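Student: When we follow my numbering, the leftmost residue of the sequence shown carries the number 9, and every step to the right adds one.
Check each hint, because a few of them may be wrong.
[Claimed, not checked] Once the Cα atoms are required to be at most 27 angstroms apart in a straight line, the calculated BS3-like pairs of lysine-lysine come out as:
#1 K240 x K193
#2 K193 x K234
#3 K234 x K152
#4 K105 x K134
#5 K152 x K132
Since the hints were derived computationally from the structure, they do not count as laboratory data. It should be emphasised that the depicted structure is a prediction, and the values quoted were computed from it without experimental measurement.
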Amino acid sequence: MIKTISKYITEEYYERIFFKMNDKNQLLTYEDIKRKMTMLSQKNNVLLLGNGFSIAYEANFSFENLINNMNKNDNIINNLFSKLELTNSHDIEEIMKHLEISQRVLECFDFNDKSSIVEEYKIKLKEEFIKIIREKHPKFLDEKSSTAIEFIESYSNIFTLNYDLLLYWLIMEYNKQAKDDKRKKYCDGFFKKDSSLIFQKDYRDKNFFFLHGALHLFEIDNKLIKIRNKDKAILDQIIQQIDNKNYPVCFRWRF
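Starting from the given sequences, assemble the full structure and let the hints guide the process.
Tutor: If you want it as structure tokens, here you go:
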């Protein structure tokens, strides 16, 4: 893909966009990248975060650790992984994809009894995954938050693949500080309406995106709602929603 694009852009621009390896054919360090970022305008600085960000903040949050704990805690989940021959997989979305495709095929051929079994596995997987996140998720930010905020504030647009609340908490803390000293703020497109924060898809100035959903996002009455701090902590509110059988929008694949 990069070779195809490079035919149409100059070598200088190619280097600015893709941050090539250095003269010794070594991958650039983050300090190298930060220096090169100064060549770009601030509005073009884009950050994509994955599970590594959560692991750096909290070691228990690796997908490998979460999945292994699910397998230890539940025989049904362990059996599911064995049947799908995914005992070494730590990609929860890959597993959900297998189940989703299987269910659709069964429904196409009117094997509804088998489809209902797959549905039970999907529900079980969802509940166990959320349960293990609840157990392992930090309850609040700690002294590492200032370092993390310093890292993210260099970027004008942030995209995250993670489900947890760590980045959301950091953004809220950053926005509080930014309000006081008039720095730019991050906006995810959720605005207060009545007593809820509702997603406004037509709002164009969003610069903070949950690409795979998140634990604090719920679809209620065909509206995307964001859980916020009120008289009860966000994690406690999420648990309350789950207890009421309202599940977070935190997968690309529908449940």
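Student: So, for every hint listed, does it hold in this structure?
Tutor: Evaluation of the provided hints:
1. K240 x K193: Judged against 27 angstroms, a Cα distance of about 25 angstroms means the pair holds.
2. K193 x K234: At roughly 18 angstroms apart (the allowed maximum being 27 angstroms), K234 and K193 satisfy the hint.
3. K234 x K152: 25 angstroms, holds
4. K105 x K134: The given pair, whose Cα atoms are some 12 angstroms apart, holds under the 27 angstroms limit.
5. K152 x K132: 34 angstroms, violated
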